[in-house]
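K.L.:
Residues per chain, in single letters:
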Amino acid sequence: DAGVIQSPRHEVTEMGQEVTLRCKPISGHNSLFWYRQTMMRGLELLIYFNNNVPIDDSGMPEDRFSAKMPNASFSTLKIQPSEPRDSAVYFCASSGGSSNYGYTFGSGTRLTVV
Amino acid sequence: AQRVTQPEKLLSVFKGAPVELKCNYSYSGSPELFWYVQYSRQRLQLLLRHISRESIKGFTADLNKGETSFHLKKPFAQEEDSAMYYCALRGGGGNKLTFGTGTQLKVEL
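Chains as they are written, first to last, in our numbering: chain A, 233 to 346; chain B, 111 to 219.
I should point out that these hints are in silico values taken from the structure, not numbers from a laboratory.
What you are looking at is a predicted structure, and each value in this text was computed from that prediction instead of being measured.
There's no promise every hint is true.
Claimed, not checked - Dumping the calculated DSS-like pairs for lysine-lysine here, alpha-carbon to alpha-carbon at most 25 Å:
hint, chain 1, residue 1, chain 2, residue 2
1, B, Lys125, B, Lys175
2, B, Lys167, B, Lys132
3, B, Lys206, A, Lys300
4, A, Lys300, A, Lys256
5, B, Lys206, A, Lys256
6, B, Lys132, B, Lys183
7, B, Lys132, B, Lys175
8, B, Lys125, B, Lys216
9, A, Lys310, B, Lys206
Chain B with its partners taken away, still in its complex shape:
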């Protein structure tokens, strides 16, 4: 079975502060991990794929197989980062994504 855990429902930070959104997963094989972002009342958009090892909008995420984590980080939060963030896992060679319950990021001035 595959499971994604996002322990924080809400994370509040000040503008300019570092951000870390936590994601832990449970999967016996080699997973593919993703981060999706949903701005207020909009569709979910793909933010990052671990396979790409890219930085998008200043966000990065590193897959740590030892700790089974894929935390999302940004050194300096901006007001426009306020959104809902979902971590997702795909495994087993199938095409099904399992999502965490999401973390609402609120960046305050």
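For reference, chain A alone in the conformation it holds in the complex:
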């Protein structure tokens, strides 16, 4: 298994543009998580899905952020319109759901909004 796959690895965009981040979880994992990492605030959970259903989106900063999981092998995180303060590294992680497991993280997408 190639692990959790995120794309793109880097994204530079202008303020006001739409940004879409993509994630492919590990096959067979039934939970998927989106995190944002910044120097000031560390790792913040934005949203997570169980069996493709959003369970907790309380960490989504505002209406500009949306996430979807149309099937078990794909999820997107969209920011529209993007702002400079959205600049961060966005990590996707998946989990098999057993209490003995932690998460497997993707390599992250480094987003810069100018």
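Assemble the complex: chain A is given as a structure, and chain B must be docked to it using the hints.
P.N.:
Below, chain B without anything else, positioned relative to chain A:
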């Protein structure tokens, strides 16, 4: 509510010195605790789970319910230990991990 506190943003030690990265948690039930490590510009990797009571790369961590702590320890630091370390908690039967803000460990020669 569950909360994880890592009081040190940066910890600097010399090679061969002991290391202790502090983690305290707040949770009313029985938590599951984890340590994750992130080497420079790489993905986060699971280092330890308290349930496993294992030693990985010379690191150990003991869950102390009385002090609500899960400190990460290593007797002799190595240069390759330099990384960002995150403590994380899962509780309530759900699958959500709550992370601390992380501690940057720097091992100097």
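K.L.:
Hint by hint, note whether the structure agrees.
P.N.:
Status of each hint after checking the structure:
no.	hint	in the structure
1	B:Lys125 x B:Lys175	violated (31 Å)
2	B:Lys167 x B:Lys132	holds (18 Å)
3	B:Lys206 x A:Lys300	holds (18 Å)
4	A:Lys300 x A:Lys256	holds (12 Å)
5	B:Lys206 x A:Lys256	holds (19 Å)
6	B:Lys132 x B:Lys183	holds (9 Å)
7	B:Lys132 x B:Lys175	holds (14 Å)
8	B:Lys125 x B:Lys216	holds (9 Å)
9	A:Lys310 x B:Lys206	holds (21 Å)
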